[in-house]
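Chain by chain, the residues run as shown.
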Amino acid sequence: MILAIIMLIILASLIAFWRGSRAAVPLFLLALIITAVVFYQDMTTPLTISL
Amino acid sequence: MARLYVLANVATAWCLALVLLAAFAAQFLSGEPPCPLCLMQRIAMMMAALGPLSVLVASARGALSSREIAVGASIAILASLLGACIATRQVLLHILPGDPGFGAPMLGYHLYTWCLVVFVCTILAAALQLCGLTWFQGQAQGAPAIARVTALLLGLVIVGNILSVIAEAGFAWHLPDNPTRYLLF
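Here the protein sequences come in this chain order: A and B. Every number in the numbering used here is 104 more than the matching position in the first sequence, counting from 1. Every number in the numbering used here is 215 more than the matching position in the second sequence, counting from 1.
The hints are simulated quantities; they were obtained by calculation from the structure and are not laboratory data. All clues given are correct.
Across the chosen pairs, the derived CB separations fall in these ranges:
1. A140(A) <-> V306(B): 14 to 24 Å
2. R126(A) <-> A226(B): 24 to 34 Å
3. Q145(A) <-> Q352(B): 41 to 51 Å
The beta carbon of each residue, even a glycine, is placed where N, CA and C say it ideally should be.
Could you put together the complete structure from these sequences and hints?
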């Protein structure tokens, strides 16, 4: 669900770019930061996949 | 020079969108739901495509300037750096001898290896655009139709991936590390 929320923010950023809104870049940065946090959580969580 | 910038950004945005479409098609053709790292790489690729798209939109409005090109290139570089980190992590997870890797290989390499190549190429393309600003002068009128089609294509790719993630994760906050089915069904 968190990944779907990030994608929704990216979609909102795309729409903002298209409409020339000043919110476009902040929305992009928000999506970037949330993705980085999710990636950090993934790195620091023990793996359960088979190697 | 301005037309070259429009062309370069059309090529970058369409390359990223087509790679995303190929990954989406491979997901359904091979019947393998993507893992969280695969999806994060897709997300980074979507964010990287916002950079060239912003340049195309500015060009379509007749407002293409050095500032718009620099902002677009920085968006592409930031997203690609994060994407390259994620792809490198996944490559390293499967680097041990005898490890079959995650998913089916395509053209000899796994999708995450191709992702790393795409992110490095995107960073190179954006850096070259920034260097080329030395010769960029004034503003240029772009093609609104191309910008509209590119935005529509990217929008559809993002919406398709949102529906796919919801189908895959169901109502769970995080995806399982090694998904084998769509949890919503």
